[in-house]
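Engineer: So the sequences go chain by chain: A and B. For the first sequence, my numbering begins at 10 and goes up steadily by one. For the second sequence, my numbering begins at 10 and goes up steadily by one.
Hints are computed from structural coordinates only; laboratory data are not their basis. Among the hints, erroneous ones may be present.
What the hints assert, rightly or not - When the alpha-carbon atoms are kept at most 30 Å apart in a straight line, the in silico BS3-like pairs for lysine-lysine are as follows: (1) B:11 / A:237; (2) B:11 / A:335; (3) A:11 / B:306; (4) B:237 / A:198; (5) B:131 / B:103; (6) A:338 / B:335; (7) B:338 / A:241; (8) A:280 / B:280; (9) A:11 / B:30; (10) A:237 / B:198; (11) A:188 / B:306; (12) B:11 / A:306; (13) A:298 / B:11; (14) B:11 / A:355; (15) A:198 / B:103; (16) A:11 / B:338; (17) A:241 / A:354; (18) B:338 / B:241; (19) A:355 / A:241; (20) B:241 / B:298; (21) A:241 / A:141; (22) B:306 / A:241; (23) B:198 / A:188; (24) A:133 / A:298; (25) B:11 / A:198; (26) B:141 / B:237; (27) B:338 / B:355.
Stated by the list, open to error - Taking CB as the label site, the calculated pair distances span: (28) B:237 / A:341: 57 to 63 Å; (29) B:76 / A:406: 37 to 43 Å; (30) A:81 / B:237: 52 to 58 Å; (31) A:306 / B:279: 51 to 57 Å; (32) B:354 / A:81: 36 to 42 Å; (33) A:81 / B:279: 27 to 33 Å; (34) B:279 / A:75: 50 to 56 Å; (35) B:405 / A:81: 24 to 30 Å.
On a predicted model such as this, the values are computed, not experimentally measured, just so you know. Where a beta carbon is used, it is the ideal one built from N, C-alpha and C, also for glycine.
Protein chains: 2
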Amino acid sequence: MKYATGHLIQKSQTIAALATKACEPDSISSCEPCYIEGAIHTIRKMGNIAFILLRRYDGLLQTVYEEGKLSVSLSNLHDNTIVGMTGIPVLEPKAPQGFEVHLTNIQILATPSAPLPINISKWKLQTSLETKLNLRPITLRNIRERAKFKLQEGLVRGFREYLSSLDFTEIHTPKIGAKGAEGGANIFKLEYFHRPAILEQSPQFYKQMMVGVFDRVFEVGPVFRAEKHNTKRHLNEYTSLDFEYGYLTGFEDLMELETGFLQYSMELLRKDYARELELLNVELPNTEKIPTVSFAKAKEAVAEHFHRTIRNPYDLEPEEEFLIGKYYKEQYDADFVFVTHYPSKKRPFYAMDDPEDSTYTLSFDLLFRGLEVTTGGQRIHDYSMLLDKIQARGMSTEGMEHYLEIFRHGMPPHGGLGIGLERLTMMLLQEENVRETTLFPRDLSRLEP
Amino acid sequence: MKYATGHLIQKSQTIAALATKACEPDSISSCEPCYIEGAIHTIRKMGNIAFILLRRYDGLLQTVYEEGKLSVSLSNLHDNTIVGMTGIPVLEPKAPQGFEVHLTNIQILATPSAPLPINISKWKLQTSLETKLNLRPITLRNIRERAKFKLQEGLVRGFREYLSSLDFTEIHTPKIGAKGAEGGANIFKLEYFHRPAILEQSPQFYKQMMVGVFDRVFEVGPVFRAEKHNTKRHLNEYTSLDFEYGYLTGFEDLMELETGFLQYSMELLRKDYARELELLNVELPNTEKIPTVSFAKAKEAVAEHFHRTIRNPYDLEPEEEFLIGKYYKEQYDADFVFVTHYPSKKRPFYAMDDPEDSTYTLSFDLLFRGLEVTTGGQRIHDYSMLLDKIQARGMSTEGMEHYLEIFRHGMPPHGGLGIGLERLTMMLLQEENVRETTLFPRDLSRLEP
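Looking at chain A on its own, in the form it has when it is part of the complex (with noise of 0.2 Å):
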């Protein structure tokens, strides 16, 4: 009887680990030869030896070829090959690890068959984003590329363990649904099984139940939204880091919350991912303090400072949360700005109008150097408030009575948020169109790689 014991997987050999075996260069003949695997990303030849660089997911390393050492040729390596290399570690100041391998062997593991379309061992690559997407499986193997992936996953890391350490349960809802939970256009639609169906744009209604159940609840997961923009700032499918908080106080609970967040997540960043950050070069923002402003406030400065006249008091345009942004900086360098009390047409029946001025709400969007990245608020959780407001509203109960359900039988007041993941990452790096930090974005022309 054969057994797999799950004793035999170890965390492989790491360039971090090669390098505390690496010998002086007087010493080789006694050090120790060691086994690494990669891709190789450049060879650059010198005369009778070849620098020979290999990428791993840890990193760039530097392995040194000696002409007629090894019984692989050097014609037979190319950019891309996959390989197993044995060799020596030795300390050089000038190799980007501070550390080289002296090659005694190599195995190919894998030989490409083309050359790349594109020169991937660039510091930047040189094309366009459209270039870039187009070729997305192979530009995000530049070091710098995938650097931006590194730090999205530092981002869900830190809501999550943020989250869990104050006891939200994580959830995962159904994204195939019945109806719309906000309704309107922005809906994808398909056939399942004879019957009509849409794509959740939002986990919304089910993690409002799940307060029900477990109080305070996370999920992060896909949503999908069929807008017909094609901007810098719009996908039609994109990653929600959504949480909602049962037995709040007010809803300056939820940016407490978020701002906790934040703070835990820079500070993850800064420990676990700074290769990354240095890679591209990231100024981490400032979120000690995160100013709030009301949304009539805000609307108000911006108008007074930049000299623009207001032209929808209930809405704010994209050009006004940029300023609001700048002016936030200018002001207060801050980085991020909680707009509050958003107004109440513009925001869904379930939100919580605020009991002084029920033309407002007690809702929140959190701008990031002045773009909108998240959108969050109280909810009513009052049977018949919640009925009243839909019936104010004109709308039907149709297709909503498992959400109405949950408020007759008893719901905390509660509220919660929603995060998109490619617009924080976007808006942390300061890039300019939300694809550069999307790993397969799906818009009006994209449906491919």
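Given the structure of chain A, go ahead and fit chain B onto it with the hints provided.
Structural biologist: Just chain B now, with coordinates in the frame of chain A:
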């Protein structure tokens, strides 16, 4: 200027924290009152006192209401009334938590509008699966029902934490695509801005692309299968735990990784989810060593042992999987069995054929108590070998251009697997139907709630 600082949100008062503050019955007068929130689970009247059981995310808490002592009348309190309670925590060996709270004040936060359609405070819900699912947002409030999904959370945490410790990178790949990764009829179709599109039935192609970028990747996300089966083990949308591992030395590495994940997760459940394990009376499976047996040998063993004739030598019937599980439990006390070397004709084109017998593949399923919970294997990483296999199957490469490009430009030897989260949870809890361990199931007849 107001600020959100992130400092106000503390881990709130928990039952465990209260327990540490509970005082002896004879020193109540010097004891500090506490505040705690939750939903009323049950009210049991005993003369002029009543025991009010509070339901919170962290368990049930017994409180004592004494007639005439509080400003809130007992007649205003019902099952599922949402309350904030003030009282003195007092040691009481007979109470479920070893202490109870003597109430001094109750604040009603929300009142239900109607009695529950089903008694959720029962230990076991005495109702059909159909009714449970129809009333899912309410029946999940039952503490045993919700405990299933807390354990499910633990499995997902185990998957992520284990793979992250081995330097895997987490990715988020699109769920709307242009063409199915593995083709076939089981694909949901949708219209995407007047173009045909599909819902991904697996992140297979994308995770392989990302092995070319990060060497080791994983994803936790929804997958969609338009299968017309309505069985106890099929869902049309489920959560898939996927990983893909570059630079493998053989497909056995993948089984070692899965074994490591299972060992790590069972330990995590034992450590952090003891309450739920006890609530559901879960017997954790043996993961120390998992037997591996080839597809052909497993079929033979079962045919011989249970006196069955082999009807189809190239496929395992569900009955045979069940019997393999039974056989290995009886013979080796094994809860899990890896069945290896599946016939090539039953595996997708990208599966690596066994060089010793190309009728079979370097692949496996994991059976858990007789049910398949994982499919995995080594993939072809050589470009021309892949093209040859596509051609030999009479398939077209149309729609796979982006996928094939990664092999054209060098891919390491790699493989991976996909685990059905709901099935894994089902078998862990020894449930009869996968819908029992699916938060909001989607099947042939169910699109809501």
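Engineer: Determine for every hint whether it applies to the structure shown.
Structural biologist: Hint by hint, here is what the structure shows:
Straight-line distance between C-alpha atoms of residue 11 (chain B) and residue 237 (chain A) comes to about 37 Å, which puts the hinted pair past the 30 Å bound. Distance restraint check for residue 11 (chain B) and residue 335 (chain A): the Cα-Cα separation of roughly 18 Å lies within the 30 Å cut-off, and the hinted pair is therefore satisfied. Distance check on the hinted pair: residue 11 (chain A) and residue 306 (chain B) sit about 13 Å apart at the alpha-carbon level, within 30 Å; holds. For the proposed pair residue 237 (chain B) and residue 198 (chain A), the alpha carbon gap of about 20 Å is at most 30 Å, so the pair holds.
With a CA separation close to 19 Å, the supplied pair residue 131 (chain B) and residue 103 (chain B) stays within the 30 Å bound. Annotation: proposed proximity of residue 338 (chain A) to residue 335 (chain B) is violated, straight-line Cα distance about 67 Å (limit 30 Å). For the hint pairing residue 338 (chain B) with residue 241 (chain A), the CA-to-CA distance comes to about 57 Å; that exceeds 30 Å, so the pair is violated. A C-alpha spacing of about 27 Å is found between residue 280 (chain A) and residue 280 (chain B), which places the hinted pair at or below 30 Å, so the restraint holds.
With a C-alpha separation of about 53 Å, the suggested pairing of residue 11 (chain A) with residue 30 (chain B) is violated against the 30 Å cut-off. Taking the CA atoms of residue 237 (chain A) and residue 198 (chain B), the gap is near 20 Å; set against the 30 Å cutoff, the hint holds. Proposed proximity of residue 188 (chain A) and residue 306 (chain B) is contradicted: the alpha carbons are some 49 Å apart, above 30 Å. A hinted pair counts as satisfied when its Cα atoms are at most 30 Å apart, and residue 11 (chain B) with residue 306 (chain A) qualifies at roughly 13 Å.
For the hint linking residue 298 (chain A) to residue 11 (chain B), the alpha-carbon distance of about 9 Å falls within 30 Å, and the restraint holds. Taken as a hint, the residue 11 (chain B) and residue 355 (chain A) pair is honoured in the structure, with Cα atoms around 24 Å apart against an allowance of 30 Å. Between the alpha carbons of residue 198 (chain A) and residue 103 (chain B) the distance comes to roughly 55 Å, so the proposed pair goes past 30 Å and is violated. Between the alpha carbons of residue 11 (chain A) and residue 338 (chain B) the distance comes to roughly 15 Å, so the proposed pair stays at or under 30 Å and holds.
Between residue 241 (chain A) and residue 354 (chain A), the direct Cα distance comes to roughly 26 Å. Compliance with the 30 Å bound is thereby established for this hinted pair. Restraint check for residue 338 (chain B) and residue 241 (chain B): satisfied, since their Cα atoms lie roughly 22 Å apart, inside the 30 Å limit. Annotation: proposed proximity of residue 355 (chain A) to residue 241 (chain A) holds, straight-line Cα distance about 22 Å (limit 30 Å). Restraint check for residue 241 (chain B) and residue 298 (chain B): satisfied, since their Cα atoms lie roughly 28 Å apart, inside the 30 Å limit.
The suggested pairing of residue 241 (chain A) with residue 141 (chain A) holds, with an alpha-carbon distance near 15 Å, which does not exceed 30 Å. About 57 Å separates the Cα atoms of residue 306 (chain B) and residue 241 (chain A), which puts this hinted pair outside 30 Å; it is violated. Annotation: proposed proximity of residue 198 (chain B) to residue 188 (chain A) holds, straight-line Cα distance about 17 Å (limit 30 Å). Using a Cα cut-off of 30 Å, the hinted pair residue 133 (chain A) and residue 298 (chain A) is violated, with the two alpha carbons roughly 34 Å apart.
Between residue 11 (chain B) and residue 198 (chain A) the alpha-carbon distance is near 43 Å, which puts this suggested pair outside the 30 Å criterion. With a C-alpha separation of about 23 Å, the suggested pair residue 141 (chain B) and residue 237 (chain B) falls inside the 30 Å cut-off, and the hint holds. At most 30 Å may separate the alpha-carbon atoms for a hinted pair to count; residue 338 (chain B) and residue 355 (chain B) meet this at roughly 26 Å. For residue 237 (chain B) and residue 341 (chain A), the Cβ-Cβ distance of about 59 Å falls inside the hinted range of 57 to 63 Å, so the restraint holds.
With their beta carbons about 40 Å apart, residue 76 (chain B) and residue 406 (chain A) fall inside the hinted range of 37 to 43 Å. Remark: the range hint 52 to 58 Å for residue 81 (chain A) to residue 237 (chain B) is upheld by a beta-carbon distance near 53 Å. Range check, residue 306 (chain A) to residue 279 (chain B): about 53 Å between beta-carbon atoms, so the 51 to 57 Å window is met. With their beta carbons about 37 Å apart, residue 354 (chain B) and residue 81 (chain A) fall inside the hinted range of 36 to 42 Å.
With their beta carbons about 49 Å apart, residue 81 (chain A) and residue 279 (chain B) fall outside the hinted range of 27 to 33 Å. The supplied range of 50 to 56 Å is met by residue 279 (chain B) and residue 75 (chain A), whose beta-carbon atoms lie about 53 Å from each other. The hinted window of 24 to 30 Å between residue 405 (chain B) and residue 81 (chain A) is violated, with their beta carbons roughly 37 Å apart.
Checked against the numbered hints listed earlier, the structure breaks hints 1, 6, 7, 9, 11, 15, 22, 24, 25, 33 and 35; every other hint is satisfied.
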